[in-house]
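J.: Spelled out, the chains give:
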Amino acid sequence: MISKITAKLRAYWEQRQKNKGHNAFKRSVTRSAGGDVGIYILLGIVATIMVLPMVYAVAQSLKPLDELWVFPPRFFVVNPTMKNFRDLFRLMGSSWVPFSRYIFNTVLISVVGTTGNVLFSSYAAYAIAKIAFPGRKFLFSIIIYSLMFNATVTGITNFITMSLLGWVDTYLAIIVPAFCTTFGLYLMKQFMETNVTNAVLESARLEGANENKIFWKIAMPMVKPAWVTLVIFAFRDLWNTGANMYIYSEQLKTFNYAISQLVTSGIARSGVGAASTVVMMIVPITVFIVAQSNVIQTMSTSGMKD
Amino acid sequence: MPKEKAIIRSDISKARWTIIEMKKNWVGYVMILPFFLLFFIFTVVPVLLSVILSFTTFNLLEFPTLIYFDNYIRLLLDDDIFLLAIKNTLVFASITGPGSYLLSLFFAWFINELRPKIRAIVTVMFYAPSISGSVYLIWNIFFSSDQYGFANAWLLKLNLIPKPILWFQDEKYIFGLIVAVALWTSLGASFLTFIAGFQVVNQELYEAGAVDGVKNRWQELWFITLPTMRPQMMLGAILAITGSFGFGGHITALVGFPSPNYVAHTIMHHLDDYGGARFEMGYASAIATILFFMMIGANLLVTKMLRKVGS
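These protein sequences, in sequence, are chains A and B.
Our numbering puts the first residue of the first sequence at 1, with every later residue one more than the last.
Our numbering puts the first residue of the second sequence at 1, with every later residue one more than the last.
These are computed hints drawn from the structure, not numbers from a lab.
Built from N, CA and C at the ideal position, the CB exists for glycine as well.
Check the hints yourself; a few may be wrong.
As the list claims (entries may be wrong) - Stretch-level coverage of chain A by chain B, calculated; a stretch enters the list once three of its residues show a Cβ under 8 Å from a Cβ in chain B:
no.: 1; stretch: 84-96
no.: 2; stretch: 193-201
no.: 3; stretch: 245-253
Claimed, not checked - Sample of chain A residues facing chain B (criterion: CB under 10 Å; computed from the structure):
no.: 4; residue: Thr81
no.: 5; residue: Val107
no.: 6; residue: Leu108
no.: 7; residue: Val111
no.: 8; residue: Val112
no.: 9; residue: Thr115
no.: 10; residue: Lys130
no.: 11; residue: Ile131
no.: 12; residue: Val228
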């Protein structure tokens with residue numbers, strides 16, 4: 001038992017020494033102490049500015065009514081209360097369609113849409129970046145240019161398409177178009193191109209692995225930061241799906257839509273509004289932190305060097 | 001496979017070679033099929049149709065009638081507000097485009113210098129303004145036009161101003177404020193792309209660089225990191241261009257539409273006005289097409305500049 005633990009500790013220690021050695025190299029040769037300090041200070045200042053609105057939203061959500069309207073306005077809360085959240089949940093409980101249904105809709109859209117987006121984009125990106133089929137350059141240039149066309153005017157055609165497909169007022173109208181985002185394909189292709197090394201691919205092909213297997217076993221692990229980024233980004237977008245011109249039925253509407261209906265701007269409800277913002281932010285932030293720290297861990301411990 | 005290429009290619013015609021390559025790499029077509037099928041239905045076809053519509057007049061009720069270049073002529077010669085919108089968009093984009101790009105790049109780089117665990121947290125902090133879709137409306141609270149807005153409240157309390165300033169209605173302040181909002185919300189997709197890009201740079205290159213005489217972090221960035229990150233930089237550039245030329249929704253939410261004296265009227269607003277409110281779809285499509293070519297132009301320019309990186 002004890003020997004097991006010591007072995008584990010030793011392995012951990014060795015890993016740390018190794019990492020340390022690596023950092024020590026970076027620091028001594030190309031990093032000046034003054035530069036480091038300067039960067040930390042700059043990061044600290046700007047990070048504070050960036051994070052202020054979130055702090056403010058949280059502070060607002062905890063304020064009792066009298067603190068919301070004082071002059072001069074206070075940034076932080078003096079007597080925090082959970083009343084705004086209680087009000088919010090009470091309002092949720094009194095809605096015509098049960099709130100769990102809205103939450104279910106949003107979760108379904110976000111999870112299926114994100115999964116499909118990552119899968120479809122990565123597959124296509126791998127093929128474009130690493131399989132030499134004729135026409136791939138042309139197809140890719142179409143992608144780039146289409147990014148620059150405005151969505152307002154393409155809306156009409158899409159509405160007609162949706163009605164022809166019979167997808168109006170179904171989940172499909174939101175989920176399926178989310179599968180093929182230009183950003184997803186472009187992001188994955190750019191990473192696949194440089195970070196999936198050809199030497200590894202060729203040797204796998206010579207050993208007889210098919211492209212599907214290479215994609216899953218070699219390419220995707222090598223570009224993990226890229227698809228984690230895509231997960232974060234696609235999820236955030238879909239999570240914030242609000243009113244949609246394809247959806248009429250109340251039962252199919254999203255959490256974001258429902259919550260914004262609750263918070264009709266008015267004096268009494270501005271605290272509830274802040275509470276709803278906080279509730280809406282929690283999930284994307286959690287997804288972000290879990291995904292991001294997951295990447296950083298694997299990148300620093302596993303052999304991503306070749 | 002360059003070896004095979006050299007032998008076979010010289011013997012046969014280009015068309016025949018293409019067919020052989022297509023057969024050999026058929027699996028590529030299978031892999032792109034799901035994406036491109038949807039992509040053509042939901043993006044390419046609508047884009048082509050609206051380019052065609054830009055040569056017609058179309059009000060959504062009657063069938064479009066062809067009027068050739070009339071929309072474009074009207075836009076460029078007869079629509080003063082559109083010319084103002086072009087000017088505003090160009091000024092706005094030339095500040096916020098490069099600004100957001102450099103902010104994303106440098107802060108991603110700085111964050112990459114941090115230790116892994118802190119890195120995730122600091123990344124969240126920087127990404128915060130983009131996480132919630134509507135959190136930028138906080139600017140309305142800070143710069144609210146009554147005395148309860150932070151800016152007004154403190155300026156009043158310190159006796160610097162006699163009465164509250166209508167921040168988002170006063171022509172003097174609107175432009176500066178929306179530039180600030182744009183930059184503040186700009187650490188989004190391209191920022192995350194850069195963060196990921198820095199993570200996948202091959203660490204051995206740094207060691208090799210140090211041996212070759214790279215002396216400080218700036219040299220390392222310019223000669224080693226950025227050249228290997230060129231694909232991510234291209235993506236970031238496209239996102240900066242589309243973001244800065246297509247900025248409009250936030251302005252409407254903060255300033256309202258139309259903005260006082262059209263000071264913040266961008267091409268996007270003009271497009272939404274004709275496409276969303278007046279239903280002149282032919283005219284709106286012409287606006288979208290012009291915006292499209294402006295972005296392509298900007299993209300060519302940026303691509304040229306990015307080629308110089310690392311030299």
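J.: It remains to establish, for every hint, whether it holds in the given structure.
T.: Hints versus structure:
1. Figure legend: the stretch 84-96 of chain A, annotated as covered by chain B; annotation inconsistent (0 residues with Cβ-Cβ distances under 8 Å, at least 3 required).
2. With a cut-off of 8 Å between beta carbons, the stretch 193-201 of chain A has 3 residues touching chain B; three or more are needed, and the interface restraint holds.
3. Check on the stretch 245-253 of chain A: 0 of its residues sit with their Cβ under 8 Å from a Cβ of chain B, so the three-residue criterion for coverage is violated.
4. With its C-beta approaching chain B no nearer than about 20 Å, A/Thr81 sits outside the 10 Å limit, and its interface hint is violated.
5. At a threshold of 10 Å, the smallest CB-CB gap from A/Val107 to chain B is about 17 Å, leaving the interface hint violated.
6. For A/Leu108, the shortest C-beta to C-beta distance to chain B is roughly 19 Å, which exceeds 10 Å, and the interface hint is violated.
7. For the restraint placing A/Val111 at the interface with chain B, the shortest Cβ-Cβ distance is roughly 18 Å, beyond the 10 Å limit, so the hint is violated.
8. At a threshold of 10 Å, the smallest CB-CB gap from A/Val112 to chain B is about 14 Å, leaving the interface hint violated.
9. The interface hint given for A/Thr115 is broken, as the beta carbon of that residue sits about 13 Å from the closest beta carbon of chain B, more than 10 Å.
10. The interface hint given for A/Lys130 is met, as the beta carbon of that residue sits about 9 Å from the closest beta carbon of chain B, less than 10 Å.
11. With a least beta-carbon distance of about 4 Å to chain B, the hint placing A/Ile131 at the interface is held under the 10 Å criterion.
12. Nearest Cβ of chain B to the Cβ of A/Val228: about 7 Å, under the 10 Å cut. The hint holds.
Consistency note: the structure conflicts with the earlier hints numbered 1, 3, 4, 5, 6, 7, 8, 9.
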